Amino acid sequence: MDTRELYQDIILDHGRHPRNFHALAHPTHSAQGHNPLCGDRVTVYLELDGDVIKDVSFEGRGCAISTASASLMTEVLKGKTAATAEELFKDFHARVTGHQHPQPHPSHGLEDELERLEPLTGVKAYPARVKCATLAWHAFEAALKDGNITVKTE
Amino acid sequence: MSATRIQTTAGPGFDPRRIKRDFPIFERNPGLVFLDSAASAQKPAAVIDRVSDFYRSDYANVHRGVYRLSARSSDLYEGARETAAKFLNAASADEIVFVRGATEAINLVAYSWGLNFLKPGDEVLVTELEHHANIVPWQLIRERTGLKLVAAPIDASGGLDLAAFEKKLSAKTKLVAVTHLANATGALLPVEAIVRLAHRAGVKVLVDGCQAAPRLPVDVRALDCDFYVFSGHKTYGPTGIGVLYAKRAILESMPPFQGGGDMIEQVSFEQTTFQHPPHRFEAGTPDISGAIGLARALEYIEELGRDAILAHEEQLTGYGVDRLSRLPGVKLVGAGQRRLGILSLDVQGIHPHDLATVLDQHQVAVRAGHHCAQPLMDRLGLAGTTRASLGIYNDESDIDALAAALTVAQKMFG
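Going line by line, the protein sequences match chains A and B.
All residue numbers for the first sequence refer to our numbering, where the first residue is 165 and numbers rise by one.
All residue numbers for the second sequence refer to our numbering, where the first residue is 5 and numbers rise by one.
A portion of the hints provided could be inaccurate.
Claimed, not checked - Here are some, though not all, of the chain A residues that point toward chain B, as calculated from beta-carbon distances under 10 Å:
| # | residue |
| --- | --- |
| 1 | L201 |
| 2 | C227 |
| 3 | S230 |
| 4 | C296 |
| 5 | L308 |
| 6 | G311 |
To be verified - Facing chain A, from chain B, some residues (calculated, C-beta under 7 Å):
| # | residue |
| --- | --- |
| 7 | H357 |
| 8 | D358 |
| 9 | V362 |
| 10 | Q365 |
| 11 | Q367 |
| 12 | G373 |
| 13 | H374 |
| 14 | A387 |
| 15 | G388 |
Don't read these hints as lab results, they were simulated from the structure.
Since the structure is predicted, the reported quantities are computational estimates derived from the model, not experimental observations.
No residue lacks a Cβ here, since even glycine has one placed at the ideal position from N, Cα and C.
Please model the complete structure; the sequences and the hints are all you need to start from.
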């Protein structure tokens with residue numbers, strides 16, 4: 165696999181110019197993700213309104229993959245319910261680790277979001293980089309579950 | 005390999021292209037540009053064959069059997085200890101303890117010597133250039149001894165600030181534990197001066213020789229250090245074997261680190277008396293084949309000539325500094341007055357892991373990250389670096405390949 169397939173334009177763009185790259189003024193949940201392998205750190209902020217993710221943002225430093233993944237994550241999560249977001253993470257995780265179902269899950273209606281995240285699935289050819297793509301998502305999940313803790317990818 | 009403009013790097017007789025042919029990994033991975041010897045070096049066929057031959061011809065447990073095969077195995081194992089002693093110019097093979105690697109060697113010193121001789125308020129003085137293996141063991145015994153871990157700073161150029169080091173030496177300092185050659189940046193430390201200053205203050209010195217042992221001649225008697233440690237796998241030997249050198253009187257004063265077979269004189273349920281060093285510290289069946297493979301690696305290094313290897317590493321380091329520092333956006337992380345064998349790069353706008361992934365696509369193997377030296381990275385204000393490290397099989401074409409791949413990555417992320 166050529167690295168251009170890993171570093172597609174959308175990844176390079178989001179890596180250089182991450183979206184929602186700031187702290188939230190009034191987060192209801194937040195968590196830090198840390199990859200001890202490379203020292204990358206990301207903090208994910210959530211503002212939940214009931215069960216709905218009203219706003220989501222992140223801060224931190226990381227490689228192009230982890231920054232782009234966090235950036236794209238914030239875009240697809242906004243407005244989703246927590247349950248839908250969890251479902252999306254499960255599916256995304258399966259795809260980046262190369263364990264996805266041959267066909268997109270027909271029932272959950274998240275095809276657009278998964279397509280948006282598709283460029284990140286190039287990491288499955290680079291096992292050492294899978295954690296870069298999932299770091300922000302793990303932090304998101306930890307924020308959702310426990311509110312304010314540090315999670316590690318290992 | 006195609007004809008190139010590469011000159012012999014270290015005078016006649018030392019030819020990295022010929023040396024490369026001694027390493028089967030390059031035959032089986034054509035085009036591999038291996039610049040990660042600081043993490044672990046590749047193995048020459050001589051080492052691979054020695055380990056294999058030993059298992060085929062001479063293997064039995066050591067120090068136990070009365071039969072001839074076991075005696076032969078024991079002789080080879082103890083012969084490996086002699087080779088290691090010669091490699092460091094130790095006064096005696098009894099000063100050589102085989103361990104799993106430098107990490108275990110430092111832990112052995114911490115748990116055996118440290119727990120016994122360090123009292124509350126005593127200080128262990130390290131530097132900001134240390135690998136985690138020379139930081140964490142001291143922290144692990146900190147609670148139990150009450151020791152204080154003190155770090156001597158680097159100067160603006162990235163070398164050890166020797167004046168600041170001297171100031172940190174105090175009546176409370178009981179051990180100086182320093183790297184000989186910093187794994188993250190390639191800074192060569194003035195260990196002779198460090199030992200002199202420490203000994204003048206009555207302080208013992210441990211030197212972490214992981215990066216130095218494969219690159220320059222080491223003479224522990226001339227250096228007069230109290231402990232010297234290195235890992236076999238970084239000196240072109242097998243994994244799982246390493247060396248702790250300590251002065252005989254110090255080893256004699258140290259209690260066992262682990263208990264088991266092979267390290268005892270007499271065992272009863274009431275009392276056990278222990279072997280003399282080095283066997284006191286080698287409980288259980290040791291890594292026999294590892295020690296024998298390591299000895300072959302050390303012989304291989306001696307055959308090439310350690311002065312010639314040093315000249316080669318110096319020459320290639322100079323070439324690398326010159327070549328890479330010309331690339332726009334590429335900054336070499338400072339290594340003080342003398343850099344050897346390691347080129348740590350900070351490339352503007354590209355995270356080390358992204359860079360390493362692209363370099364890998366060009367068959368250039370480097371290490372990216374904090375290099376198990378997080379305190380140093382924090383001090384330098386870097387999340388990590390991209391590190392190219394040199395070995396006896398590298399030549400200018402490897403640096404050129406790195407530079408070319410780096411330029412491609414810069415275009416991609418630029």
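Now the hints, each set against the structure:
1. At a threshold of 10 Å, the smallest CB-CB gap from A/L201 to chain B is about 7 Å, leaving the interface hint in force.
2. Interface restraint check for A/C227: the shortest CB-CB distance to chain B comes to about 4 Å, inside 10 Å, so the restraint holds.
3. About 8 Å separates the beta-carbon of A/S230 from the nearest beta-carbon of chain B, less than 10 Å, and the hint is met.
4. A distance limit of 10 Å between C-beta atoms decides the matter here; for A/C296 the minimum to chain B is near 7 Å, and the interface restraint holds.
5. For A/L308, the shortest C-beta to C-beta distance to chain B is roughly 27 Å, which exceeds 10 Å, and the interface hint is violated.
6. Annotation: A/G311 was flagged as interfacial toward chain B, and the flag is violated, the nearest CB pair being 27 Å apart, outside 10 Å.
7. Residue-level restraint check for B/H357 holds (minimum Cβ-Cβ distance to chain A is 4 Å; threshold 7 Å).
8. The beta carbon of B/D358 is positioned within 7 Å of a beta carbon in chain A (closest approach about 5 Å), and the interface hint is therefore held.
9. With 7 Å as the threshold, the beta carbon of B/V362 comes within range of chain A, its nearest partner Cβ sitting at about 5 Å, so the hint holds.
10. About 4 Å separates the beta-carbon of B/Q365 from the nearest beta-carbon of chain A, less than 7 Å, and the hint is met.
11. With 7 Å as the threshold, the beta carbon of B/Q367 stays out of range of chain A, its nearest partner Cβ sitting at about 12 Å, so the hint is violated.
12. Look at B/G373: its Cβ gets to within about 5 Å of chain A, closer than 7 Å, so that hint holds up.
13. Satisfaction of the interface hint for B/H374 is found here, the shortest Cβ-Cβ separation to chain A being roughly 5 Å, below the 7 Å cut-off.
14. The interface hint given for B/A387 holds, since its Cβ lies 5 Å from the closest Cβ of chain A, which is under the 7 Å cut-off.
15. Taken as an interface hint, B/G388 checks out: its beta carbon lies about 6 Å from the nearest beta carbon of chain A, inside 7 Å.
Consistency with the previously given hints fails for numbers 5, 6, 11, ordered from lowest to highest.
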